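For the protein sequence lines, the chains are A and B, in the order given.
Just so you know, we're using this note's numbering here: the first sequence kicks off at 2 and counts up by one.
Just so you know, we're using this note's numbering here: the second sequence kicks off at 32 and counts up by one.
It should be emphasised that the hints constitute simulated quantities derived from the structure, not laboratory data.
One or more hints might be untrue.
Simulated restraints, written as ranges between beta carbons of each label pair [to be verified]: (1) B:VAL93 to A:ASN258: 19 to 29 Å; (2) B:SER103 to A:GLY155: 25 to 35 Å; (3) B:SER69 to A:ILE304: 24 to 34 Å; (4) B:VAL93 to A:ARG326: 43 to 53 Å; (5) B:ALA125 to A:GLY206: 39 to 49 Å; (6) A:ARG326 to B:ARG62: 15 to 25 Å; (7) B:SER103 to A:THR215: 24 to 34 Å; (8) A:ALA105 to B:SER69: 57 to 67 Å; (9) A:LEU42 to B:TRP41: 34 to 44 Å; (10) A:ARG326 to B:GLN57: 22 to 32 Å.
Here the structure is a predicted model, which means the values were calculated and not measured.
We put the beta carbon where it would ideally sit given N, CA and C, even for glycine.
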Amino acid sequence: MSATSASDTSGAHRARRFKTDRDVVEWQGDYRRYDIAKEVLISFLVVLVLVVACAIVFSSPDDPPVTVKSWSNAAPVDFAQTAMAELNGTSGVATYGPPYTNTAGASQKLGPISLEHAVGVRIPINTAQDFVLKPLATLPNRPALDAALAEYQGASATQRTKWDAAYKRVVANATFSSGQLVVKGGPYGPVGVLIGNLESMARTGALDGALLATPQLYATNYTNPLLFIADGMYLADQASLRHLQGSQWGMMNETGNFPGQAWLWLYTMWYQVPPMNSSSNGDIEVWAIMMALTLLLALVPFIPGLRSIPRRIGIYRLIWRHHYRSLGPDVLSQMPPGRTPSRR
Amino acid sequence: MSARPEPPSWTGRVRHAVFSAYPPEQLLPERQPAYVSSWIYVFGVLTLASLIAVVSSGIVLVIFGPAWWHVSSVGHFVNSLHLWSAEMFFFFMAVHLWGKFFMAAWRGGRALTWMAGSICFLASIATAFTGYLSQQNFDSEWISTQAKDGINATGAGAFWNVLNFGQMLMWHIVLLPLIVAILIGLHVLLVRRHGVVPPFAPTEAQLAKAGLSLTTTVTAATSLLVPQELTEPSPQEQPLLQEPLAQEPTSEEPPAQEPLAQEPTSEEPTSEEPLWTLPEDQS
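Turn these sequences into a full structure, and let the hints steer you where they fit.
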């Protein structure tokens with residue numbers, strides 16, 4: 002039986018010192034019978050019984066999603082205000098930065114490094130065109146809308162900005178009555194017609210389909226409608242009612258009284274503590290922490306001090322108590338780090 | 032003149048390598064070291080059993096398509112099986128991971144086993160996450176719109192778009208399960224190759240305090256990535272701790288002036304003499 006050795010750079014072998022937290026004393030003791038096939042089968046049956054019982058008793062959550070249609074019917078003013086922000090380029094998505102827009106200074110940074118800026122705009126989104134003007138252009142047989150679209154798109158940028166600003170002021174105090182958005186008059190040109198038609202389009206469900214428009218028949222990419230919906234207040238309000246906001250540890254929660262993604266507790270926890278909970282770079286800071294912790298977890302075997310924790314806290318004495326007692330009546334009480342009562 | 036022996040084929044070399052590394056009795060053992068005697072050891076198998084339940088229920092969902100469980104009571108029940116088996120998979124895996132941490136299960140050339148297991152844990156989290164994104168309900172909608180900020184901040188969101196249902200579904204049912212399966216396969220094979228980590232050995236002083244004065248031979252891991260062969264089971268009548276075996280004189284032996292001794296570091300116990308003895312002291 003040989004002692005530990007390792008090759009050095011010259012190819013010769015040198016002795017490697019025994020380290021308690023890295024090396025083992027090879028087992029020379031007894032073996033006992035073990036039936037792995039039986040253990041796997043019994044374990045599977047136990048799991049199956051537990052899973053079926055939980056599925057019958059607790060079922061699984063399936064709250065319907067918020068669609069543009071359900072949002073605009075439930076909160077039509079919020080929808081109109083969000084649509085206006087998409088049109089004048091002040092919404093969350095319009096000012097997001099990479100990978101959606103080129104907004105200056107919007108990228109999160111870790112020190113001097115901005116990974117999302119380095120990657121750039123890979124999913125370009127022009128909220129005015131993609132969320133408002135292009136969907137409106139798909140509506141057939143609406144001469145007034147066609148004229149408003151032509152007027153808006155043919156105007157100068159300065160003129161459009163004036164119209165947008167004027168409408169933004171009145172829509173802030175809008176109401177909804179008899180199926181119509183009610184706003185005060187003002188110098189907002191064709192914008193009132195555009196937003197009013199978009200509201201009607203949304204309430205019928207036509208905007209949901211228009212936002213998904215692709216050259217293919219089958220659409221599977223929901224980036225545009227999801228970003229549009231998430232820009233409004235309605236989705237966040239619904240999430241708050243279900244205790245799903247980020248400040249409510251929402252990433253690991255799930256609708257209803259279900260366990261959710263409990264395994265994300267550590268990731269979610271970092272969002273609750275300063276400085277990440279108020280930092281404009283909070284996301285990249287949390288990810289940097291989690292990546293570092295992930296590396297530590299995977300590399301525990303090589304990190305002095307960290308790999309000593311199991312021996313120091315001594316829970317192994319509980320796990321292997323039968324083994325230590327089999328060595329002698331008082332061996333367990335002598336094992337590091339402290340002393341535990343022997344069976345005597 | 033005799034014909035030159037035919038060189039082994041690539042197939043023959045692969046077969047030899049596989050069966051040398053994993054003889055059937057090592058791959059499916061019928062005996063375990065006596066110290067493998069705790070409920071904590073069950074959680075590894077329970078994790079595997081839960082994975083079988085996860086995959087089985089997932090296959091049924093795949094057969095009928097992603098929208099089926101929203102419109103069918105049977106489908107909803109299968110989705111519930113999928114959810115709860117995933118919850119149990121994570122619960123058992125977490126207990127298994129903590130148990131292995133408390134045992135310092137990376138000792139004795141088992142670092143790669145630990146790393147494969149911990150990376151598998153992360154891959155499983157990604158798999159479950161994409162599952163939540165593929166539900167087509169409020170949960171998937173809210174989680175995707177919230178998670179995009181973190182993913183985008185790393186730059187990965189430009190390529191891995193959590194708002195793209197089709198992309199996330201494909202990752203959930205094809206790529207990530209494949210990665211998890213490969214990692215778990217590697218993890219299990221490494222466990223079979225290296226065996227279950229032995230307990231921390233008591234030092235001589237500790238045994239002396241317990242009224243014992245045994246010595247034994249130490250074999251430390253030769254490398255973190257070059258595994259030790261599983262020790263052949265000793266006969267039942269063999270004493271628990273053997274007397275030291277004579278060490279064969281080889282050129283690879285440590286020189287006398289560089290004795291194999293416990294390195295005095297802050298992380299190692301230094302106040303008591305270790306149980307193991309030097310080869311030259313064993314006479």
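Each hint tested on the structure:
1. Remark: the range hint 19 to 29 Å for VAL93 of chain B to ASN258 of chain A is upheld by a beta-carbon distance near 28 Å.
2. In this structure, SER103 of chain B and GLY155 of chain A break the distance hint of 25 to 35 Å, their C-beta atoms being roughly 52 Å apart.
3. About 26 Å separates the C-beta atoms of SER69 of chain B and ILE304 of chain A, a value consistent with the hinted range of 24 to 34 Å.
4. Under the hint 43 to 53 Å, the C-beta atoms of VAL93 of chain B and ARG326 of chain A, about 50 Å apart, fit the expected range.
5. Between ALA125 of chain B and GLY206 of chain A the beta carbon distance is about 43 Å. The supplied range of 39 to 49 Å therefore holds.
6. The supplied range of 15 to 25 Å is met by ARG326 of chain A and ARG62 of chain B, whose beta-carbon atoms lie about 21 Å from each other.
7. SER103 of chain B and THR215 of chain A have their C-beta atoms about 28 Å apart, which keeps the hinted 24 to 34 Å range intact.
8. At roughly 59 Å, the beta carbons of ALA105 of chain A and SER69 of chain B sit within the given window of 57 to 67 Å.
9. Taking 34 to 44 Å as the suggested C-beta distance range, the pair LEU42 of chain A and TRP41 of chain B conforms, at roughly 37 Å.
10. Range check, ARG326 of chain A to GLN57 of chain B: Cβ separation about 29 Å, and the 22 to 32 Å hint holds.
Of the hints listed earlier, the one the structure fails to meet is number 2.
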